[in-house]
Amino acid sequence: MELFVNQVLAGISTGAIYACMALAVVMIYQAIDHLNFAQGEMAMFSTFISWQLMQWGIPYWGAFVLTLVFSFAGGIAIERLLFKPLAKAPILTNVAGFIALYAIINSVAGLIWDFTIKQYPTPFGSSPFLGSQLISTHQAGMIGITILLLIGLFFFFQFTRMGLAMRAAASLPESARLVGINTSWMIALGWGMAAAIGAIAGMMIAPVVFLEPNMMLGVLIYGFAAAVLGGLTSPFGAVVGGFLVGIFENLVGTYIPGVGNELKLPIALALIITVLVVKPAGLFGRPIVKRV
Amino acid sequence: MSAIQEVVTEAPAVEAVPKRAMTLGAGTSLIVLALLIAAPLFVKNFIIFQLTMLLIYGLAVLALNILTGGSGQFSLGQSAFYAVGAYTSAILMEHAGMNYALTLPIAGVICFGFGFLFGQPALRLSGVYLALATFALATAMPQLLKLGYFEYWTGGVQGLVVDKPDAPLGLPISQDMWLYYFTLAVTIAIYIFSVNLLRSRSGRAFMAIRDNEIAASAMGIDVALYKTLAFGVSAGITGVAGGLGAIAVQFVAPDGYTIQLAISLFLGMVVGGVGWLPGSIVGSAFIIFVPNIAEGISKGLSGAVFGVLLFFVIFLVPHGARQVAMVAQQLVGKFKKN
Chain A
1 MELFVNQVLA GISTGAIYAC MALAVVMIYQ AIDHLNFAQG EMAMFSTFIS
51 WQLMQWGIPY WGAFVLTLVF SFAGGIAIER LLFKPLAKAP ILTNVAGFIA
101 LYAIINSVAG LIWDFTIKQY PTPFGSSPFL GSQLISTHQA GMIGITILLL
151 IGLFFFFQFT RMGLAMRAAA SLPESARLVG INTSWMIALG WGMAAAIGAI
201 AGMMIAPVVF LEPNMMLGVL IYGFAAAVLG GLTSPFGAVV GGFLVGIFEN
251 LVGTYIPGVG NELKLPIALA LIITVLVVKP AGLFGRPIVK RV
Chain B
1 MSAIQEVVTE APAVEAVPKR AMTLGAGTSL IVLALLIAAP LFVKNFIIFQ
51 LTMLLIYGLA VLALNILTGG SGQFSLGQSA FYAVGAYTSA ILMEHAGMNY
101 ALTLPIAGVI CFGFGFLFGQ PALRLSGVYL ALATFALATA MPQLLKLGYF
151 EYWTGGVQGL VVDKPDAPLG LPISQDMWLY YFTLAVTIAI YIFSVNLLRS
201 RSGRAFMAIR DNEIAASAMG IDVALYKTLA FGVSAGITGV AGGLGAIAVQ
251 FVAPDGYTIQ LAISLFLGMV VGGVGWLPGS IVGSAFIIFV PNIAEGISKG
301 LSGAVFGVLL FFVIFLVPHG ARQVAMVAQQ LVGKFKKN
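Residue numbers (the working numbering), protein chains in the order written: chain A, 1 to 292; chain B, 1 to 338.
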């Protein structure tokens, strides 16, 4: 039983990462109806930026805030420069664009910072949390930040004019334009926020997986799995999905013999396919009704 | 995102390509064929090897072209099918001592089955979701191949070493050259098969599904069957390419078949022009030679060069090599008139 509790708690803490990533995925999906395959690489790049800032002697939280600003601006710049012209193009072209972005960021990060793995500091320390042996303070901090982020987003989308405008632009672009919302900039804003959320996910997971250009691939796949499980239309679902996927991954790894670290990605694959086949809208997503 | 989507007015996933625009004329085809036959006579063995790889990747890109350009479905998971084909060939040659040529049809059939089965859940998915599922498949494949259970067969992380075949009947040509002509023969056979497939009833069904799924089903096309069939055929051809690749490289290992390969193949298709079968060879040339050039400039930069070029293609020549070929054709036409 103690093993079980242990694994569930460990699952929740890794799940927090997946939840952050899934949130970023859902943000973009809400804004433009596409999954951003470069999301993980964007997060990785932001993490490297924060690492570099710290190397230059800026304290952790200073670097954290600067990185968020940078990521937000970077996300908007990428949308304005590269993806705004593609808004009306076929899906294939957009997917090709994401793939290109993925390749560019990955390779540039490798060029600037090298492919060797680097230590990344945690602001929370790694001692046991509240004297419990089950989770460390860093893991507790991760969970806390994810939940704060979700609450922040909830208030932003429900109670601010900007949030309302973004929701309107995402759900019915034409009507939103008629009431005077600049839908094009709402999309850019969505990109910026997604990039910033991705950066938070990257900075939180870097102490766990170590910093290197390929660190986000596995996390991104799990983020996708979490987003799909929770429903691609629901930020709340994405977070719940993230925690569930984290717990599921840990329990499967513990109780099914032969499924260790080496099968992590196939498990995510199986999960994605199962959810898409059994319940394509996910747990909390709205089913898509098609009108002919 | 709206809960209700207008399906009919929705932008299609892939731009429609008329079936006549998918192939080359007879004259041009013969010239290309003559070039491909003559090419290895004048170059060194290493370049012959690269030309062989050109044909092999060309086949894999062709397979993706049938799936995407033909039936309008995405795949970022072609590397998985390629890997299965390569391992099938390698295992049959190593453990069963089978002749290399005989392993190819088996690799094709096994991959056809694998693709057909994967096409079943993929049926429920379209557009981005399909790209996502196949993306996950491609990232998961190397880990599956490393799995302890199959280590006896697959050689685990180390992979398997394959012997390079000699020319038969004591022909006085080098191994590389023999392999090139062997690959060329397979490639031509599959190319002719693909062209005819797309011109057949099944090919028309693929294209109808690509252009408008609801209209296609209203016309009595079994959408589910043809979509999975397209997946199967594409996977089968990719599998044959994978088998040839294993023989040419003489080595299979899990890390040779990562998501990078799938991305390369996808890139090859976009560069060659989606839905234009001869473009496959152009796309393949791009993905083989450009990384070499990029790495010559700076190590580790190949990804960036790849990505930047891809953006160039998307923005400047969205129809890839097909567009270039058409412009060239028009210029030649004008020149003749004058």
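Check each hint, because a few of them may be wrong.
[To be verified] No more than 25 Å apart at the CA atoms, straight line, and that leaves these computed lysine to any residue pairs for SDA-like: (1) A:Lys279 <-> B:Gln120; (2) A:Lys88 <-> B:Leu125; (3) A:Lys264 <-> B:Lys164; (4) A:Lys118 <-> A:Val208; (5) A:Lys264 <-> B:Phe311; (6) B:Lys146 <-> B:Val308; (7) A:Lys88 <-> B:Phe311; (8) B:Lys164 <-> B:Thr258; (9) A:Lys264 <-> B:Val324; (10) A:Lys88 <-> B:Val317; (11) B:Lys146 <-> A:Phe115; (12) B:Lys146 <-> B:Leu123; (13) B:Lys146 <-> A:Gly74; (14) A:Lys88 <-> B:His319; (15) B:Lys146 <-> A:Arg167; (16) A:Lys88 <-> B:Lys164; (17) A:Lys264 <-> B:Val223; (18) A:Lys279 <-> B:Val249; (19) A:Lys88 <-> B:Asp255; (20) A:Lys264 <-> B:Leu117; (21) A:Lys84 <-> B:Thr258; (22) B:Lys164 <-> B:Asp255; (23) A:Lys264 <-> B:Gln158; (24) B:Lys164 <-> B:Ala185; (25) A:Lys88 <-> B:Gln143; (26) A:Lys88 <-> B:Gly156; (27) A:Lys84 <-> A:Gly74; (28) B:Lys146 <-> A:Gly253; (29) A:Lys279 <-> B:Leu125; (30) A:Lys118 <-> B:Thr258; (31) A:Lys264 <-> B:Gly256; (32) B:Lys146 <-> B:Ala96; (33) A:Lys88 <-> B:Phe42; (34) A:Lys264 <-> B:Asp255; (35) A:Lys84 <-> A:Phe157; (36) A:Lys88 <-> B:Asp211; (37) A:Lys84 <-> A:Val208; (38) A:Lys279 <-> B:Val223; (39) B:Lys146 <-> A:Thr274; (40) B:Lys146 <-> A:Lys84.
Bear in mind the hints are in silico, worked out from the structure with no lab data behind them.
Item checked: Hint check, failures only -> Violated hints: 3, 5, 6, 9, 12, 13, 15, 16, 17, 18, 19, 21, 25, 26, 33, 37, 40; rest satisfied.
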